[in-house]
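Given chain F, work out where chain E should sit, using these hints.
There are 2 protein chains.
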Amino acid sequence: MSKNNKQFVEKITAMEDDFAQWYTDVVKQAELVDYGAVRGTMIIKPYGFAIWENIRDQLDRRFKETGHSNVSFPLFIPESMLQKEKDHIEGFAPEVAWVTKGGEEELEERICVRPTSEVLFGEYYAKNIHSYRDLPKLFNQWSNVVRWEKTTRPFLRSLEFLWQEGHTAHATQEEAEEETAQMLDIYAEICEDYLAIPVLRGKKTEKEKFAGAEYTLTVESLMHDGKALQSGTSHYFGTGFAEAFDIRYLNKDGEQQPVHQTSWGMSTRIMGALIMVHGDNRGLVIPPRIAPTQAMIVPVAQHKEGVLDKAYDLRDRLQHLVRVDIDSSDKKPGWKFNEYEMKGIPVRIEMGPKDIENEQVVLVRRDTGDKEFVPLSELEERLPALLEEVQQNIYNQALTHLNETTTTAKNMDEFKQALDEKPGFIQAMWCGDHTCEEKIKDETSATSRCIPFEQQHVSDSCVYCGREAKELVYWARAY
Amino acid sequence: MSKNNKQFVEKITAMEDDFAQWYTDVVKQAELVDYGAVRGTMIIKPYGFAIWENIRDQLDRRFKETGHSNVSFPLFIPESMLQKEKDHIEGFAPEVAWVTKGGEEELEERICVRPTSEVLFGEYYAKNIHSYRDLPKLFNQWSNVVRWEKTTRPFLRSLEFLWQEGHTAHATQEEAEEETAQMLDIYAEICEDYLAIPVLRGKKTEKEKFAGAEYTLTVESLMHDGKALQSGTSHYFGTGFAEAFDIRYLNKDGEQQPVHQTSWGMSTRIMGALIMVHGDNRGLVIPPRIAPTQAMIVPVAQHKEGVLDKAYDLRDRLQHLVRVDIDSSDKKPGWKFNEYEMKGIPVRIEMGPKDIENEQVVLVRRDTGDKEFVPLSELEERLPALLEEVQQNIYNQALTHLNETTTTAKNMDEFKQALDEKPGFIQAMWCGDHTCEEKIKDETSATSRCIPFEQQHVSDSCVYCGREAKELVYWARAY
Numbered sequence: 209m210s211k212n213n214k215q216f217v218e219k220i221t222a223m224e225d226d227f228a229q230w231y232t233d234v235v236k237q238a239e240l241v242d243y244g245a246v247r248g249t250m251i252i253k254p255y256g257f258a259i260w261e262n263i264r265d266q267l268d269r270r271f272k273e274t275g276h277s278n279v280s281f282p283l284f285i286p287e288s289m290l291q292k293e294k295d296h297i298e299g300f301a302p303e304v305a306w307v308t309k310g311g312e313e314e315l316e317e318r319i320c321v322r323p324t325s326e327v328l329f330g331e332y333y334a335k336n337i338h339s340y341r342d343l344p345k346l347f348n349q350w351s352n353v354v355r356w357e358k359t360t361r362p363f364l365r366s367l368e369f370l371w372q373e374g375h376t377a378h379a380t381q382e383e384a385e386e387e388t389a390q391m392l393d394i395y396a397e398i399c400e401d402y403l404a405i406p407v408l409r410g411k412k413t414e415k416e417k418f419a420g421a422e423y424t425l426t427v428e429s430l431m432h433d434g435k436a437l438q439s440g441t442s443h444y445f446g447t448g449f450a451e452a453f454d455i456r457y458l459n460k461d462g463e464q465q466p467v468h469q470t471s472w473g474m475s476t477r478i479m480g481a482l483i484m485v486h487g488d489n490r491g492l493v494i495p496p497r498i499a500p501t502q503a504m505i506v507p508v509a510q511h512k513e514g515v516l517d518k519a520y521d522l523r524d525r526l527q528h529l530v531r532v533d534i535d536s537s538d539k540k541p542g543w544k545f546n547e548y549e550m551k552g553i554p555v556r557i558e559m560g561p562k563d564i565e566n567e568q569v570v571l572v573r574r575d576t577g578d579k580e581f582v583p584l585s586e587l588e589e590r591l592p593a594l595l596e597e598v599q600q601n602i603y604n605q606a607l608t609h610l611n612e613t614t615t616t617a618k619n620m621d622e623f624k625q626a627l628d629e630k631p632g633f634i635q636a637m638w639c640g641d642h643t644c645e646e647k648i649k650d651e652t653s654a655t656s657r658c659i660p661f662e663q664q665h666v667s668d669s670c671v672y673c674g675r676e677a678k679e680l681v682y683w684a685r686a687y
Numbered sequence: 209m210s211k212n213n214k215q216f217v218e219k220i221t222a223m224e225d226d227f228a229q230w231y232t233d234v235v236k237q238a239e240l241v242d243y244g245a246v247r248g249t250m251i252i253k254p255y256g257f258a259i260w261e262n263i264r265d266q267l268d269r270r271f272k273e274t275g276h277s278n279v280s281f282p283l284f285i286p287e288s289m290l291q292k293e294k295d296h297i298e299g300f301a302p303e304v305a306w307v308t309k310g311g312e313e314e315l316e317e318r319i320c321v322r323p324t325s326e327v328l329f330g331e332y333y334a335k336n337i338h339s340y341r342d343l344p345k346l347f348n349q350w351s352n353v354v355r356w357e358k359t360t361r362p363f364l365r366s367l368e369f370l371w372q373e374g375h376t377a378h379a380t381q382e383e384a385e386e387e388t389a390q391m392l393d394i395y396a397e398i399c400e401d402y403l404a405i406p407v408l409r410g411k412k413t414e415k416e417k418f419a420g421a422e423y424t425l426t427v428e429s430l431m432h433d434g435k436a437l438q439s440g441t442s443h444y445f446g447t448g449f450a451e452a453f454d455i456r457y458l459n460k461d462g463e464q465q466p467v468h469q470t471s472w473g474m475s476t477r478i479m480g481a482l483i484m485v486h487g488d489n490r491g492l493v494i495p496p497r498i499a500p501t502q503a504m505i506v507p508v509a510q511h512k513e514g515v516l517d518k519a520y521d522l523r524d525r526l527q528h529l530v531r532v533d534i535d536s537s538d539k540k541p542g543w544k545f546n547e548y549e550m551k552g553i554p555v556r557i558e559m560g561p562k563d564i565e566n567e568q569v570v571l572v573r574r575d576t577g578d579k580e581f582v583p584l585s586e587l588e589e590r591l592p593a594l595l596e597e598v599q600q601n602i603y604n605q606a607l608t609h610l611n612e613t614t615t616t617a618k619n620m621d622e623f624k625q626a627l628d629e630k631p632g633f634i635q636a637m638w639c640g641d642h643t644c645e646e647k648i649k650d651e652t653s654a655t656s657r658c659i660p661f662e663q664q665h666v667s668d669s670c671v672y673c674g675r676e677a678k679e680l681v682y683w684a685r686a687y
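Quick mapping for you: the protein sequence lines, in order, are chains F and E. Per our numbering, residue 209 is the first one in the first sequence, and the count goes up by one each step. Per our numbering, residue 209 is the first one in the second sequence, and the count goes up by one each step.
What the hints contain is simulated information worked out from the structure, not anything from laboratory work. Take the hints with a grain of salt, since some may be wrong.
Repeated chains share a single entry, so a pair holds when one copy, or any two copies, can fit it.
[As the list claims (entries may be wrong)] In silico SDA-like links for lysine to any residue, alpha-carbon gap of 25 Å or less: (1) Lys272 - Glu261; (2) Lys579 - Met289; (3) Lys417 - Glu400; (4) Lys624 - Glu400; (5) Lys562 - Gly674; (6) Lys272 - Asn352; (7) Lys358 - Lys417; (8) Lys219 - Ser339; (9) Lys518 - His528.
Okay, chain F solo, but in the shape it has when bound:
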């Protein structure tokens, strides 16, 4: 942990009083982020970045296991290239940052700072794919992208953010659709198994899909305040970009065919979900599997002889088993407790003279605050088990919250009542008409989050217009 001179953790706003302020307070007090000099940009501080690095490493491993290669494409896109795919440019042009001058030179053509890189990959694939032997292309990059947002919040909506963007090209529709589904599964797995965030899996409506995609798959999670957050998306492009960029290959029968493409991304936005799904009024709660520090040793009465030595012995003993750290600074134990609670360290290990005498330590869980005395001889067994219990418990809590706030609405009265009284996801049937979707948004500010893969038939008619229902949709107010 960084040494710092803060002798106490400032109080944070209670989430029940002002959820947005609670979020801002936690982000700051837990030392995740600071503001950059240009409006809407962010500085991800060591603790925030260490969490992101762990998420990144977990994703990257799975990308490689499924045959993907990392690459690095340029930050800059010429304006003319961005305009090749019509839907795509319409979606992104309003939020592009433009470079118009390089050194002393006024540029003849404006250059766009990438908001996403489909067109660059499209151009590359057009040049580099000739035959079925060149397929599939399974590329990913870890990069920064810029979107000129009007209102910004750290992690949730920032002018620049970090993400990975996968871009793949395939010989057949079937293969590309399998890829699209596979990558969504990886996002769902990371959310549920590592970040302890339960997600809904489904397809975006036409209105909410990615600009230029044939369809978009999404995993959606639910925050403490009952608002949803899109946590990872995977897009199937069909042959749209292939037609726009002329990406064709010679198949085994000697025929020219367009490729089928996908793209998929997860970004630092997921850090926002991590904060808002698990955090409480004492700060962050970081799931053990993703926590940079899983257990923090806080020596008690450390000025007494032998305490610090024993605490360091303990650290050395445990560090091959769990990610453990020690705080031997001269801050008072109480301040340390507060600080590591704020940072959401899953387990605190207290050890003082009496514990040493009794050959035990005290384990304190961040999620429940429960304390237990554990004999030193059993610690190697108990600590990893406890971390797993914490992981499971915070997942279960989040799942309970998701389930308890998911309401079925058969008409707009029920819809609005649910939003008012128990904000969360609303299951409601939809006729498939985008005007109904828009009117729901206008009247409630809730948007369609996804058409779930697991369909149910909760009523016969569209929740808005009463016409024949086509499918079940999850709706929510969202970040």
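Frame of chain F; chain E shown alone:
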């Protein structure tokens, strides 16, 4: 390896005929890089990026072992902030890319796409450092930076490149200078022990130091054509940025003191060194310790029964020991040999029906082309040993080249003769006057590369002006 339909590796230009063209050919044929759409930008392809990832991981591990934390600072810097440190802005302003428009909005203040991030870290440290307890700050980031270069070449000089930039703040000059030296040692270690690139260690002259630094330490390497390449630099800033940005801390005696700062960076330029130090007329030669694939199995007569099975068995046997891959595509073995020679895979493992019968394989070294027959039973022992021999041999070759082309010059006739006849480093005494340095550059296009830490007294007078010599300098033409 990526499957591709290239049935042969195109001939590359011989380096003796046209070194620049040889470089371009290798970069392309070995599938390291392609050109981006905006002039001077590059696409780092899977094989190139895999090499960079290995370099990055080695560096990152050492940064963390020495107590540094990764962070992520913004891509964008307001123009007014860039101007706070006078020397710094003078150095960078001519090569900055400017964002002047965001979405539809004309910006009131131009925004600079970072060419380096000293000012952002300076601003952050000013806000976040208050007391000696806040020190040291040991930050690093892996990022992309943009410099609007007029002439560009892949890796060597590109509009955008990838790098890491470390930025640290310390209580004392001594500690900051130790950090500066420590980080240079890490660069030297990576170059010599991993990239098999011998380096000269030293200090830059005033003329060649980083804009705004008090001094710059550098590791310099030598390419096949006798030109030098700056391979990693570490800067000591003294209190210059602290004064410009008002970064002060309260020391233990309650006095306000400016911090002492450093920054240090290694970039994708090092990929250029890797190519030009070890490559030959058959392509790349990648040092085993950094090679994404250390050994490539090429089955011979793979259509014969059992050959492919045995080849896969071999891969499975070896893959926990070395980074091994297999090419079972339907390309002819000869084409495969060429392709992996072009890509510089350290060792090729050939295995055909006769080898299987004799329970042996053929190992072919990339560096020397030597073949050896190795009994299967001895492979686990022999292969790692051979990889180490390759690593040592290519380092020794590079060191021999460096030593054999390092000339001592006592006057400008000797200096120019050496550059003409045996291009490499020139050791020559210097009076310390920057006009001599400039005149040497004007007359020979050689620049001072470093004032080596290990000084020798090779003559009494300055190689250019004949006045009393102050110190030994290494000179060379450089990338």
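Quick rundown of the hints versus the structure:
Taking the shortest alpha-carbon separations for Lys272 and Glu261, both the intra-copy value of 16 Å and the inter-copy value of 13 Å come in at or below 25 Å. Taking the shortest Cα distances, Lys579 and Met289 never come within 25 Å of each other, neither inside one copy (60 Å) nor across copies (49 Å). Taking identical chains as interchangeable, the C-alpha atoms of Lys417 and Glu400 lie at most 25 Å apart only when both belong to the same chain, with a minimum of 23 Å there against 50 Å between chains. Taking identical chains as interchangeable, the C-alpha atoms of Lys624 and Glu400 are never at most 25 Å apart, the minima being 29 Å within one chain and 67 Å between chains.
In this assembly of identical chains, the alpha carbons of Lys562 and Gly674 never lie at most 25 Å apart, being 70 Å within a copy and 76 Å across copies at closest. Proximity of Lys272 to Asn352 under the C-alpha cut-off of 25 Å is found in both arrangements, the shortest distances being 20 Å within a copy and 23 Å between copies. In this assembly of identical chains, the alpha carbons of Lys358 and Lys417 lie at most 25 Å apart only when taken from the same copy (21 Å versus 41 Å across copies). For the identical chains of this complex, Lys219 and Ser339 are inter-copy neighbours only, at 22 Å across copies versus 62 Å inside a copy, given an alpha-carbon limit of 25 Å.
For the homomeric pair Lys518 and His528, the shortest alpha-carbon distance inside one copy (17 Å) is at most 25 Å, but the shortest distance between copies (38 Å) is not.
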